[in-house]
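Enquirer: Chains as they are written, first to last, in the numbering used here: chain A, 1 to 444; chain B, 1 to 801; chain C, 1 to 45; chain D, 1 to 125; chain E, 1 to 228.
Don't take each hint at face value.
[Said to hold, decoys possible] Below, a list of computed lysine-lysine pairs in the DSS-like style, where the Cα atoms sit at most 27 Å apart:
no.	chain 1	residue 1	chain 2	residue 2
1	A	305	B	709
2	E	202	B	254
3	A	261	A	305
4	E	162	B	585
5	E	162	E	87
6	B	295	D	67
7	E	162	B	254
8	A	264	A	13
9	A	343	A	261
10	E	143	B	759
11	A	305	E	202
12	A	305	A	9
13	E	226	B	759
14	E	162	D	67
15	A	6	A	305
16	B	132	B	146
[Said to hold, decoys possible] Pair by pair, the computed Cβ-Cβ distance ranges are:
no.	chain 1	residue 1	chain 2	residue 2	range
17	A	317	B	713	19 to 29 Å
18	B	717	E	226	26 to 36 Å
19	D	39	B	251	18 to 28 Å
Derived from the structure by calculation, the hints contain no laboratory data. Quick reminder that beta carbons are idealized off the backbone N, C-alpha and C, glycines included.
So the chains spell out like this:
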Amino acid sequence: MHPENKHEKLILKPIHRPTTSDRILWFILGGIFLLGLSAWVRQYVIGLGVTGLNRPVYWGVYITNFVFFIGLAHSGTFISAILRIAGQGWRKPLTRAAEAITLFSLPFGVASILADMGRPERVFNIIFFGRYQSPILWDFTAVGLYFLSSIVFFYLSLLPDIALCRDRLTNAPDWQRRMYEILALGWQGHPEQFHRLEKVLDGMAIFMTMLVVTVHTVVSWMFGMTLQPGWHTALIGPFFLLGAILSGTAAVVIALAILRKVYKLEEVLHIGLFNSIRKLLITFTLGWIYMMIAEHLTIGYGNMKEEMVVLLDKFTGTYATIFWSMALLVFGLPVLILIFKAKNNIGWMVTASILINIGMWLERYIVIIPSEVSPRLLPVMGQGIYLPTATEWLITAAWFAGMFLLYTTFTRFFPIIPIWETAEHLPEIEPEGARVAQTAPTGD
Amino acid sequence: MDNHQAENQTPGNHLTRRDFVKIGATAAAIGAAAMALKPTVGAPAASALSEQVTRPEETLVKTTCALCPSGCGLDVRVVNGRAVKVEGNPLHPLNQGVCCLRAQASLEILYSPERLAHPRIQMGRRGSGDWKEVSWDEALALVVQKLSDLRKNGQAHTLALVHGETRGQMRSLIHRFMQAYGSPNVIGRESLADQVARQAMFLTQGINGLPVYDLNNASYVMCFGGNLLETNRNVIVHLGAVAFMRRGRPQRGKLVSVHPRLNLTGIKADEWVPVRPGTYGALALGMANVIINSKLYDEKFVRDFTFGFEDFTDVNGNLHQGFKNLVLEQYTLERVSKITGAPTETIARLAGEFATNRPAVAIMPNEIAELNSGNSLYTAMAIHALNALVGSIDVQGGVLVQRFPDLEQWPDYTPDDAAVQGLSQPRIDGAGSAQYPLAISIYQNLPDALLSGEPYPLNALMLLNTNPVLDLPQNGRMVAALEKVPFIVSIASTLDATAALADVVLPSATFLEVWGDDFMEGVGYAGVSLRRPVVELVQDNRNPADILLQVAAQLGGSLEQALPWSDYQTLFRQRLSATPLDWEKVESNGFWAEMVYFYAQPGSPAWANIVGRDRLNAPKDGRFDFYSRELAAILSNDTMNDLDCLPHFVLPEALEEVVHEAQEYPFLLISQSLITQTQSWQGTIPTLQECLGLQGNVKWRSWVEINPKAAEALGLHDGDVVWVESHIDRIQATVRVYPGIWPNVVFMPLGMGRHTMTKWGRNAPEQMIVGSNPNRLVDIRSEPLSGQAIIGPARVKIYKA
Amino acid sequence: MDISSLVYAFFNTPGVGGAVILTIFTGACLIYVYLTRWILRGGRK
Amino acid sequence: MRRHRMFIIVSVLLLAATLALAFHPQTAEALPEYSAQTGEPCATCHLSPSGGGPRGPRGQAWVGSGKPGVVPDLVEALSLLGIQLDVDESQYQAPDQPAPEAQPLAVEPAQAGQIHQWLRNYDGN
Amino acid sequence: MPRWGMVIDLDKCFACQSCTAACRMENNTPIAGPDQAILGRAILWNEVLPFLEGEYPLVHATMIPRPCMHCDNPPCTAVCPVRATYKNEEGIVVVDYQRCIGCRMCTVACPYAIRYFNWFPPEWPQALKQHLNPDPEVAPRPKGVVEKCTFCIQRLHRAREKAAAEGRTFQATDYMPACVQTCTGHARYFGDLDDPNSLVSKLSHSPRAFRLLEELGTEPKVYYLKQG
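The following block holds chain A by itself, in its conformation from the complex (with noise of 0.2 Å):
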């Protein structure tokens, strides 16, 4: 039996036969992928020359577009696994939606490592001789453990509504509920497997909490660990988990606005949430810019020659329209539009988010090239240019296309609100040895 819940028949309306604007949709996003993905298999094919890298500048977008995904990823984590243990109740309808984007990101981060190796058929070198003392090992197990751990939370939190899907969906095609019967697992939804699984999403929310802090710290540390003016600093690590979770909830933000559109779930989705996430938005905006003022402050009175050649490079020099317009997209505007406006209107709330998110993107670039482009050694006249070429912006556009193409197919095919977390009342523990539908203690 299945737990009830008066917006089953809500939740479970978008699930249907794709329509056209489903296939239009589907067809662009997936058309975007695959050019994106010819780029990279020429770039393969002929070098990584067809890229503006070149020395010292020997990374760019791609390794931004990494950190940005990675950054993404600590959406769904914070938001089902931090607030689970904080027993913020209201969190419930959104779990889903956010660990949906945590799950759909995360590969394109590490697509965006291969796109950006020289060899990537060699990348099982890194198991056949991996040495524990490269950070890039580090970031491969956190990342790895991270995508395997965010998978199967993710799973687990599915099971019971793909049960329901199973049994309410008779007129789903076959395929369809053949691949509902495979993927429950025979769940019957006994009140036991409910409570061992509330125990287990428990247990593994402490878990995903240790790991997400440690997934992006260790992701900054491929900076960090390096001693290019202007990476090596301690700060790094908060510095990027702190954008990483801003950019993330920004993320869950946009997403929720645009399901409660397309699918009107009003009701599910309502105001209150948003209302919540926007305190939440407001203290990462401010403790982004804590950090920021707290690194730069830092560096520019310390006045050391090679770290001031790279903040004055951002502060005035080629690359101060980026920096100023990236701290204006993430602070600037995003505060007032949230402190001000977005209170009980999702559409200001949004454009906060949209804002905050390039803003980010913007930040990883800035955190990443000013750096490479002066190196300690080498003289001005040596200094580095850096220009992304197409094939650079192709492969970023398919893989932002690939994760909205993940993302709507899921949504096509499972209840993007998790019906059994938000329903009034479970089915009932039996007492012993009978089998009684009783009510169950609403989930706490």
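Assemble the complex: chain A is given as a structure, and chains B, C, D and E must be docked to it using the hints.
Expert: Here is chains B, C, D and E on its own, set in the frame of chain A:
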């Protein structure tokens, strides 16, 4: 998971030992599977860094470089008949085991894709480019037939041979060929570069040769212009010597570079003295003023072994002003400081240092576009006079005279009447005429002489390893001039701009594939350096000397008699037979040299070979001429005044602040060649293109160096592309803001603007012009008396492209 | 064979890092499989 | 709680499994015995003062003559290399009597062409 | 095993870039070509770096020829995930081109920026291929791998084999990289830093000696002697 197993789990169902074993086992299995995958997926073959490798056998062949006038001895590592690495010959006295980057990159010349494979004849209109590749016999037959026709109908003098850098016997072979043929027109490129240095030595010291500077033992070296450590004629000797001067001896010598631009010599010198371009003569005379004023000059030497220092009366009683009074009157510190722009205290300090740190050497530049400001003859004389002032002539650490091995005389021959009749005609470039008595050849008069047809039109032109279209664009007049010459033969390795306009192109082999000899210059003692084929001929080319010998043989008549040798190797071996050479040792060491230079004390019998050896009209009394008696003989007409025979300074007209010109063209363009360029290869050398502009980090392009203040005034930034325009033409270049240059002077490298037909990179253009040629902005004229080219600072303006 | 060279060897020798990754991944997979089976066994009684 | 214990066990196992790499001591190479034998610095025979690689003429001659106890000086080395220098040094010493008087300027006028011919055939490259 | 090191006397180095060309010819580093060179992709293992300071006319330029420092505590080998670059027992930092995965973390980690990357497969016009050095250690590197100065390790192997063939023990003075041999100012000294009698170890303690970015603690083994 069967049911009963779940039952006996104790509450709190923690792992049983069996579960733990299962987990361990599966982990090991997966690990093993992964390791099994290793050989298939990207596992490394044994890397060459560690295990034993079999090496092909190799040999070291000794030869001599020809890419710059230094002539270093080279060891070329040859593996399986392929030259793979060039290194310096450790025993060679000039370079002692090292070699510059041009020699290192010379393999990119030997195996250059731009080399011409076979002789070719122009079928269609000149420059149309539809060539027919022919065999050597056919090409030579055509050339011989054309040349013998000229000789038959008494037109022998209408043949001109223009040649670039020549090594060893090649120069005398060319002269003998043309004398035997009957044409006085042998035109070299000296008038662009070192001719004036040779003339200054002849007029003052009476030696018809380039000075040799013994920098190993010098305490004070002052370069007036030029680029001693980058493009001097014997750059490798100077590099080693200055290094020894600095760190090889207990007391460190001082190097001063006087130049409007901070070139490599300036950067590595102990002091850079920026002056306005073309005003080196004024600075030298200003220093002479200070040295004479404060009596720091070498009294004994000046009193006993110089002439014209004091005022003197000549045979018919009229008084002549001497060097001392001229300098004291006209070259006061204030005037010189105003002319050169160097502060008076600097000039005074430099003069004091120069005179008191003996032995001191003042170096005359001998590379292209250095002494070319219209006052070069007297500037060179002024610089060389400084050496005499401090008595540095033929002392340890001073100015030496280069000795050459004694050569077997050419066998004499009876010139036939065509030769005699041709030789009596005047030269077309005006060298040796009343206007240019001292000039050996005036390269830049060639286009105007051809166009005007004065004194007679040319019927045939032979080009040997030179590219006049690139050197002397003269606003398009060179190309127009070539149109007027009915028959042009170009002996060149690549299809350069001039060869493209020729009728017959005979591909010449590179220096690594030919036999040859090289006189050692720059060390004082006599020496011969052997050049030998390192590998078989890579293309169907021939040694230019052999080409001349074969043409002479086929022409017959006095030519066959004058040049009886079958190939160049027998020629130079026979010529060198006069010196006691043990050829077997020469081949194993790669050179023969006296290795020791003996300094002649003034007044000793050997002193006659140091001062006045080659004087023609002036007396050979062993006295250094401040007042050049040779010049007095040449100019001995009533209009001559003392100033004409004394080193003095004439302001280059580019520097005169003519109001109209200064407004419209505010900048002075100077150009200089770089160590990363070679004059004797017209093709493109990729490795050198990628080390091209060191200070500006510029590769494969031309750049224009501008002073930061000037760049600010024009609103230009590093990397902008600008037009550099003079009154005749304009070219494009990238801006390099460079603080080390005189405020209103701009610099562009020479030797650029060459056309390459090779695709040098994956998506490099099929054919391109590498950089732009600054000579296109200059209408090169000739200086009276010496015939030196006036490339000089050219007036230009700069604006964004 | 002191502890410092042991730790140095652990971090520096190629292959060890790979083994660590493999053990972590397979360990995590097995634990998750076990947990999922444990949840599903919940309703059996 | 159960999972943590398992982690500890796995990490201990991993550490124990790695081998210790023994580092063998490094030996220093002795200076070549030639310079000890002749008492000359490297720069006497080798062109690069740090010794090794290419040898100069003195080095070449020393090796040629079977590495005797003393390195020949330059002139002797040259003769060993087959370079005869018959130069009588006295030519280069100056007599101590005063130099000749400067002749007054009495030069016949020169024809331009004659200078050109004379200058043209100079020795050298 | 000797600990190879180099000393460059900036007073005798005249920035003639002969070392740059010799290194390229000895180690087959590819031609970048006009379009790639402008992008800053020219591979010159032994580049001469021009540092310009000052205003006109008081301008001072330091020209630093910069081979790989072959640090004793290299930040580049630490970050390599697959031990494709490592310090061999003689202290030379080499790259194993068959194992490098092209992640380029070592190029970013090196504070001296001496590591180069093959953006495209090496290209020579067909005729030029004949001058390539046949030694297997310097076979042209494939695309997608990092390459760097190896102190001409092929010359070390060749010198060792020659010494063995001649039956005498290999001495530090038998081997010098191509840049040391061709330095026109005789400014480069090379040898075993551990041998107290070798000139390099004496010069490395000269009062004029300094090292680039010494404060980073990478212990570079290329010493410079101050100019002037």
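Enquirer: Find the hints from earlier in the document that the structure breaks and name them by number, from lowest to highest.
Expert: 3, 6, 7, 11, 12, 13 and 15
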